[in-house]
Amino acid sequence: MLRTKICPYSIRTVYENKYMGAYMIENIIKIENVKYKYEKESNDYALNGISLEIKQGEFTAIIGHNGSGKSTLAKLINSILLPTEGKIYVKGMDTSDDSKLWDIRQAAGMVFQNPDNQLVATIVEEDIAFGPENQGVEPSEIRKRVDDALNTVGMYEYRKRPPHMLSGGQKQRIAIAGILALNSDCIVLDEPTAMLDPSGRREVMDTLKKLNKAGKTILLITHYMDEAVQADRVVIIDKGGIKLDGTPKEVFRNIDEIKKFGLDVPQVTELAQELVKEGINIPTDIIDVKELVDLLCQ
Amino acid sequence: MSIKAENIKYIYSEGTPFRTVALDNISIEVKEGDFLGIIGHTGSGKSTLIQLFNGLEKPTEGKIIVDEITVGEDKKLLSKVRQTVGLVFQYPEYQLFEETVAKDVAFGPMNLKLPQDEIDKRVRESLELVGFNFNKIKDASPFDLSGGQKRRVAIAGVLAMKPNYLVLDEPTAGLDPAGRNDLFEKIKTLHKKANVTVILVSHSMEDIAKLVNRVIVLYKGKIHMEGTPKEIYSQAEELREIGLGVPQVAEIVNELRSRGFNIRTDILTVEEAKEEILKEVRKRNV
Chain E
5 MLRTKICPYS IRTVYENKYM GAYMIENIIK IENVKYKYEK ESNDYALNGI SLEIKQGEFT
65 AIIGHNGSGK STLAKLINSI LLPTEGKIYV KGMDTSDDSK LWDIRQAAGM VFQNPDNQLV
125 ATIVEEDIAF GPENQGVEPS EIRKRVDDAL NTVGMYEYRK RPPHMLSGGQ KQRIAIAGIL
185 ALNSDCIVLD EPTAMLDPSG RREVMDTLKK LNKAGKTILL ITHYMDEAVQ ADRVVIIDKG
245 GIKLDGTPKE VFRNIDEIKK FGLDVPQVTE LAQELVKEGI NIPTDIIDVK ELVDLLCQ
Chain D
54 MSIKAENIKY IYSEGTPFRT VALDNISIEV KEGDFLGIIG HTGSGKSTLI QLFNGLEKPT
114 EGKIIVDEIT VGEDKKLLSK VRQTVGLVFQ YPEYQLFEET VAKDVAFGPM NLKLPQDEID
174 KRVRESLELV GFNFNKIKDA SPFDLSGGQK RRVAIAGVLA MKPNYLVLDE PTAGLDPAGR
234 NDLFEKIKTL HKKANVTVIL VSHSMEDIAK LVNRVIVLYK GKIHMEGTPK EIYSQAEELR
294 EIGLGVPQVA EIVNELRSRG FNIRTDILTV EEAKEEILKE VRKRNV
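Heads up: the protein sequence lines correspond to chains E and D, in order. So the first sequence is residues 5 to 302, counted in our numbering. So the second sequence is residues 54 to 339, counted in our numbering.
Hints were generated in silico from the structure; no laboratory data involved. Each residue gets a CB set at the ideal place from its N, CA and C atoms; glycine is no exception. Do not take every clue at face value.
[What the hints assert, rightly or not] Pairwise CB distance ranges, derived in the manner of DEER restraints:
(1) D:Lys283 / E:Glu145: 55 to 65 Å
(2) E:Asn121 / D:Ala231: 18 to 28 Å
(3) D:Ala231 / E:Glu36: 23 to 33 Å
(4) E:Gly245 / D:Lys273: 28 to 38 Å
(5) E:Trp106 / D:Tyr65: 35 to 45 Å
(6) D:Asn234 / E:Glu137: 43 to 53 Å
(7) D:Gln148 / E:Gln139: 34 to 44 Å
(8) D:Lys174 / E:Asn52: 42 to 52 Å
(9) E:Asp107 / D:Glu325: 52 to 62 Å
The following block holds chain E by itself, in its conformation from the complex (with noise of 0.2 Å):
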């Protein structure tokens, strides 16, 4: 698959082919060695020694408990804090120089935990060009990409609402219209279906893997399984380290491991290892329903 991007700095052509190999794909953010502290003078890191590497176009699932680091890390990423020691690098560009702030929340957009905390203006479409109205776009351009975000994330029906009168997976979905209409390349979200019930969950995740599909680097950070079973690469943090990296089914096979982590693994992965472990022949890193139902069916 041939795609040609065109972003505000350089046109560039990623060839984009995750299964197939032939990777071109630069790294869209760079972690380097990131240690972070919230006081000087304590030696409590809430990030211990972090580096890590999200390719252009990826789906990351970041996943660990509350207080493991994984939301220090998504602030680090969009330089509202910044590395006690160590470097962040966002399409290039150091998070901790300050004549770069805005081209770094431009390139990558976050998206909050509280769909209430995000929205700013009183009618829909006002609230989505909220962002590009402040980088100074033209207006007609400004209504462009107002449109076609909100066509994006299948809300251009609702764009004369106002936001409190929709629901927690429609305000979610809008908040995303808002980093789109920036062209952000890539999106960070801290924990955006945590309020939701679960089909505001499931549009949120149709929408995330859509943009992906289209080129867009997705930073997830999740408690749910499910959803970070959705993702390509899912990286487990713990007390302030990264402890598994790797696809969901590299990741979710080491269940013990996972559970020491306060964490649960897929019911699917669970009763596939017990039932191995009672001697019936199939893979111990299965994570999809279908997978395992297809197999015992044989």
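Once you have looked at the hints, place chain D on chain E.
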């Protein structure tokens, strides 16, 4: 003793274009000792229903009767109703405001004008019920605690009012799996040891399945299904149609059945599923 809802109808924004029938002809009874789960997607009427239970909202039609008191009939009895039915809102930790944990929990009983030694006793008991070491936690600032701990302090504040019924609205939203399991253990203990009737509102199917003994499914303001967790979750297709999920195990079981596996429908845990699948697989291989 019970909470009874009789033919409840509740309409929001009557007389405006936004008129919404939030609850439509609801009749239920929550008996003392029950552990009831209420599920439904956003906007199905769950939160409205529990606000009626303790008199925060008045039904448009119908009656709510709490331990023989008809809610709203006599305004003087409203505070009695609110003390009887303790309501823990979503994200209750945002309601903490005092300097110390002990003071925060004491706020409710103080307003009941109880004697000081009774207040002290209740504060200690409530904090211990939610799993704290009283002496260690009492002087801490609520704002220095973790999310899960804050939430337990907020629940202790409601318990200090000695409610007969404890209503929890999405008590584990935003907690990680360990925090969630921990809080549910505490709620289970409360139900058993302190003999509190618990009403749990949640959209986490796994949690409801593990805890409650009766489930009510709300859909578009009506009671759509009612039964034990096993009865409810064996109808995976129906639940999905109304925007709810089922525990992944139930999904596996349903999928296997549709492919000709002879397996029970009312399976809720990984352990049960394993046993059932093994039985069938071994039968096939003989």
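Hint check for Glu325 of chain D and Asp107 of chain E - Cβ pair distance inside 52 to 62 Å
This hint holds: roughly 54 Å between Cβ atoms.
Take a look at whether the Cβ-Cβ distance between Gly245 of chain E and Lys273 of chain D falls inside 28 to 38 Å.
violated, 47 Å
Distance restraint hint 35 to 45 Å, applied to the beta-carbon atoms of Trp106 of chain E and Tyr65 of chain D:
Given range 35 to 45 Å: holds, Cβ gap about 42 Å.
Asn234 of chain D paired with Glu137 of chain E, Cβ distance criterion 43 to 53 Å:
Once the Cβ atoms are compared, 45 Å apart, the range 43 to 53 Å for Glu137 of chain E and Asn234 of chain D holds.
Lying within 23 to 33 Å: is that true of the beta-carbon distance Ala231 of chain D to Glu36 of chain E?
At 30 Å between Cβs, range holds.
Tell me if the beta carbons of Lys283 of chain D and Glu145 of chain E are separated by a distance inside 55 to 65 Å.
Given a distance of about 57 Å, which is inside 55 to 65 Å, the answer is holds.
Looking only at beta-carbon atoms, does the pair Asn121 of chain E, Ala231 of chain D fall within the given range of 18 to 28 Å?
The hint (18 to 28 Å, Cβ to Cβ) holds, given that Asn121 of chain E and Ala231 of chain D are roughly 25 Å apart.
Lys174 of chain D paired with Asn52 of chain E, Cβ distance criterion 42 to 52 Å:
holds, 44 Å
Assuming the hint says 34 to 44 Å, is it satisfied by the Cβ distance from Gln148 of chain D to Gln139 of chain E or not?
holds, 38 Å
Hint compliance for this structure: hint 4 alone is broken.
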